[in-house]
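J.: Chain residues, written in single-letter form:
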Amino acid sequence: MTALLSVRDLTVKFGALTAVSNVSFDLERGGALGIVGESGSGKSVTCRALVRLLPDTARISGSVRFDGQSILDASESELDGLRGKHIAMVFQSPASHLDPLMRVGDQVAESLRKHTDLSGTKIRQEVLRLLELVRIPNPENWLHAYPHQLSGGMKQRVMIAGALACQADILLADEPTTALDATVQKRILDLLNELRRDHGLSIIFVSHDLGAVSAVCDDLIVMRRSELVEAGPVADVIGNPQHDYTRMLIASHPDRQAITTARRGTSGTPLIEARNLHVRFGNRTLSDLFTGGDSRFTAVRDGNLVVRPGEALGIVGESGSGKSTIARALVGLVQPVAGKIGFDGNAAQITGARRVGYLRDVQLIYQHPYEALNPRMTIYNAIAEPLRRHRLCAPSDVPDQVADLMAQVDLWPELASKIPGQLSGGQCQRVAIARALAMNPRVLIADEITSALDVTLQAQILDLLLRLQKERGLTMIFISHDLAVIRKLCHSVIVMRRGEIVETGPTEQVFDTPETDYTRDLIAAIPHLPEAVPMRSR
Amino acid sequence: MFLCGLTLVVLWGIVALAAPLLATSDPIAINFEAILAPPSSEHWFGTDNVGRDIYSRVIYGTRLALYIGLLGVISPMVIGMTIGLLAGYFGGWVEMLAMRLLDITVPFPFFVLVLAIVAVLGPGIENYFIALAMVGWVGYARLARAEAIVLRSQEFVLAARTMGFSHGYILLRHVLPNALSPVVVYMMTDVTLVILFGAALGFLGMGVAPPTPEWGIMIAEGQIYVSTAWWISFFPGLAMILLGIGFALIGDGLARMLRIER
Numbered sequence: 001m002t003a004l005l006s007v008r009d010l011t012v013k014f015g016a017l018t019a020v021s022n023v024s025f026d027l028e029r030g031g032a033l034g035i036v037g038e039s040g041s042g043k044s045v046t047c048r049a050l051v052r053l054l055p056d057t058a059r060i061s062g063s064v065r066f067d068g069q070s071i072l073d074a075s076e077s078e079l080d081g082l083r084g085k086h087i088a089m090v091f092q093s094p095a096s097h098l099d100p101l102m103r104v105g106d107q108v109a110e111s112l113r114k115h116t117d118l119s120g121t122k123i124r125q126e127v128l129r130l131l132e133l134v135r136i137p138n139p140e141n142w143l144h145a146y147p148h149q150l151s152g153g154m155k156q157r158v159m160i161a162g163a164l165a166c167q168a169d170i171l172l173a174d175e176p177t178t179a180l181d182a183t184v185q186k187r188i189l190d191l192l193n194e195l196r197r198d199h200g201l202s203i204i205f206v207s208h209d210l211g212a213v214s215a216v217c218d219d220l221i222v223m224r225r226s227e228l229v230e231a232g233p234v235a236d237v238i239g240n241p242q243h244d245y246t247r248m249l250i251a252s253h254p255d256r257q258a259i260t261t262a263r264r265g266t267s268g269t270p271l272i273e274a275r276n277l278h279v280r281f282g283n284r285t286l287s288d289l290f291t292g293g294d295s296r297f298t299a300v301r302d303g304n305l306v307v308r309p310g311e312a313l314g315i316v317g318e319s320g321s322g323k324s325t326i327a328r329a330l331v332g333l334v335q336p337v338a339g340k341i342g343f344d345g346n347a348a349q350i351t352g353a354r355r356v357g358y359l360r361d362v363q364l365i366y367q368h369p370y371e372a373l374n375p376r377m378t379i380y381n382a383i384a385e386p387l388r389r390h391r392l393c394a395p396s397d398v399p400d401q402v403a404d405l406m407a408q409v410d411l412w413p414e415l416a417s418k419i420p421g422q423l424s425g426g427q428c429q430r431v432a433i434a435r436a437l438a439m440n441p442r443v444l445i446a447d448e449i450t451s452a453l454d455v456t457l458q459a460q461i462l463d464l465l466l467r468l469q470k471e472r473g474l475t476m477i478f479i480s481h482d483l484a485v486i487r488k489l490c491h492s493v494i495v496m497r498r499g500e501i502v503e504t505g506p507t508e509q510v511f512d513t514p515e516t517d518y519t520r521d522l523i524a525a526i527p528h529l530p531e532a533v534p535m536r537s538r
Numbered sequence: 539m540f541l542c543g544l545t546l547v548v549l550w551g552i553v554a555l556a557a558p559l560l561a562t563s564d565p566i567a568i569n570f571e572a573i574l575a576p577p578s579s580e581h582w583f584g585t586d587n588v589g590r591d592i593y594s595r596v597i598y599g600t601r602l603a604l605y606i607g608l609l610g611v612i613s614p615m616v617i618g619m620t621i622g623l624l625a626g627y628f629g630g631w632v633e634m635l636a637m638r639l640l641d642i643t644v645p646f647p648f649f650v651l652v653l654a655i656v657a658v659l660g661p662g663i664e665n666y667f668i669a670l671a672m673v674g675w676v677g678y679a680r681l682a683r684a685e686a687i688v689l690r691s692q693e694f695v696l697a698a699r700t701m702g703f704s705h706g707y708i709l710l711r712h713v714l715p716n717a718l719s720p721v722v723v724y725m726m727t728d729v730t731l732v733i734l735f736g737a738a739l740g741f742l743g744m745g746v747a748p749p750t751p752e753w754g755i756m757i758a759e760g761q762i763y764v765s766t767a768w769w770i771s772f773f774p775g776l777a778m779i780l781l782g783i784g785f786a787l788i789g790d791g792l793a794r795m796l797r798i799e800r
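These protein sequences, in sequence, are chains W and A. Each step along the first sequence adds one to the number in this note's numbering, with nothing skipped, and position 130 is 130. Each step along the second sequence adds one to the number in this note's numbering, with nothing skipped, and position 220 is 758.
If you are wondering where the hints come from, they were derived from the structure by calculation, not from laboratory data. Be aware that one or more of the hints could be misleading.
Computed list of chain A residues with no C-beta within reach of chain W, every gap over 12 Å [as the list claims (entries may be wrong)]:
hint : residue
1    : Thr562
2    : Ala657
3    : Val695
4    : Tyr707
5    : Pro715
Stretch-level coverage of chain W by chain A, calculated; a stretch enters the list once three of its residues show a Cβ under 8 Å from a Cβ in chain A [claimed, not checked]:
hint : stretch
6    : 329-343
7    : 363-372
Computed from a prediction, not measured in an experiment: that's the story for all the values here. Idealized CB from N, CA, C, for every residue including glycine.
Model the full structure from these sequences, guided by the hints.
T.: Structure (structure tokens):
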């Protein structure tokens, strides 16, 4: 049987830069192929080259055959017939690939209007059928909604519905779940599996997450620096990797990481604690004044947490659950409407003139490595800034201090004169950590600090934090939607949902015997690498 | 492109400084023997209705144009940036106050308001500058506010706050440098506008008093002769265009240089 999609020696060049070099693979009808690699490895470019969705500056060579037809030689009008109708695409950020001014129904109907001669009520029925297919509850209610009214997962479902509108043979999914919460990712992965099983859809799934890929795909190719380094059935590649890079990818997966925290008993007085914390956003309306109500949005309700010296606390939950808000309340970026925050046995001085003293002890590291650094400030100045402003050391000692801090987070001294734009994401995150350490804090709050990084970088940053925790005896609060990370790092866990703490306890207890369905869902959604060699039926 | 603009403006600067050397005759000397003379070897750009040499007047006019243009944008820029950054960064009642002030200024056409203020204060360049400061800040404030609103929730500004730095320091060190580039570009286009409005004021008799060589007044004076003696308005107009293009190119170039690749 010949392959549905056959790619031979695919090479894509942008001027002198080779983005994809000699990539070959086959996709059979009903098959699912995963493409894995770090950002910049050429996986997305490969994916786009398959449907020639690349700028004119790209030079593509090799051959791509769909059902015997050469795509690289096809005319623009032949391509229009292929794209959408036979090969459909789903992208990483559903928010930016849906037209914000177009209603959901029209969005899905668009390709039906273009590629079929259905009309009026037929299209409506078809759209409803598609929305049902991607498991959108009560599709009638959503037909007239605009994209901004939908959650991230719902948007991705609408994207998939649009892609499937013309019973495409192949779905190209480029990091479709990267921007989504673990539980939502799980549901999208389930949906893809279901579409494959019930409708014979072939899938090409691009991701940096081996776990997610192995949940959907039979075959896997691993790309690095524009080249294909390994290919084969998922179970073989993961069970018996041939290339060093593949081994590193597998080793970086939280499942395989041999990180162990010193899980000491939790005794002693709490270093940092919050009691009955309430945070609300927005303004009171006039009607509140008369009714005595409060129409502000409640971001955190009755938040309690206790962290003892040297402990690591994990806060998990979906996006919007209030976990970042708690972190920001702890450093005074948002003012709670009620509740107490205590530090080292006293009430924390979060506002006012004495806040500097408190902030020297409690530092927050942010999620986005590039955004957390002033783009116009050199690395040296970024790290030296707190030392100089707060006179943490003599002016003549600043250069030595900065060099020392950079060494502690494994940054080369040459980077000191660079600006953030010249650094990689992982390096920027190290700078942010060094800057926080300059304050010599006792508590470090890490707010999703690895979620914007590639898997291998994630592992390195986590290693670094663990080392610092041991060396400096730091107390940590980890905020993450990645439960696998939390499980490896934290002594105790808080599970949050819609602003409320639904479960709390020692890590093992919460993970092994979860009390609420929500926690169970979260745990079930962690994408795991296949342990043994589970053979799938073809 | 930036270099082209810079060269143009620098050339104009040299012209302004070296005006006495470059001019072929006294810019305000009346010569009734050469009224409305077309461009010739004696009068390179021709003469006007009272026989003054257009070339020399254009050369001397450069001084006033650059003086008005450069000085006229500084105070609106400083006032506008300050109000805009404070409003955008702090939000709340500061923003409310600044925006209402803006709402009061915006509905009136720019020139009408400048005209009204100059009419009250009396004619003259100084009063024109005061009027500009009172009206012209609006555009800068809007731009700066928009930038500050984006920047205040950026993580590096939040990080500066959790480092315990004061608001004043954060505004100067972290917000201002990152909000500057659109403002600088706007300033460069504003220079041209300020020169043009200065000329229009002169035309209405509320700016520079004749016979001072000023491009706007010259264009206005040549208006009635346009069909018979085109050169009276043409050359000062050309000079104005070349200076305007120079500033616009500098603005574009600066925007490109100030932008940071992420």
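J.: Does Tyr707(A) clear chain W by more than 12 Å, comparing its Cβ with all Cβ atoms of that chain?
T.: Given a closest Cβ separation of 7 Å, the condition is violated.
J.: Find the nearest Cβ of chain W to the Cβ of Ala657(A) and say whether that gap is larger than 12 Å.
T.: 43 Å, holds
J.: Would the non-interface assignment of Val695(A) survive a Cβ cutoff of 12 Å against chain W?
T.: At about 8 Å from chain W, Val695(A) fails to clear the 12 Å cut-off, so the statement is violated.
J.: Verify the coverage statement for the stretch 363-372 of chain W against chain A, using a C-beta to C-beta distance below 8 Å and requiring 3 or more qualifying residues.
T.: With 8 residues closer than 8 Å to chain A, the stretch 363-372 of chain W meets the three-residue bar; holds.
J.: Is the nearest Cβ of chain W still more than 12 Å from the Cβ of Pro715(A)?
T.: 5 Å, violated
J.: Per the stated criterion, does the least C-beta distance between Thr562(A) and chain W lie above 12 Å, as a non-interface residue requires?
T.: 49 Å, holds
J.: Taking 8 Å as the C-beta cutoff, is the stated coverage of the stretch 329-343 of chain W by chain A satisfied by three or more residues?
T.: With 3 residues in contact (Cβ-Cβ under 8 Å with chain A), the coverage given for the stretch 329-343 of chain W holds.
Figure legend: structure checked against the earlier numbered hints; hints not met, in rising order: 3, 4, 5.
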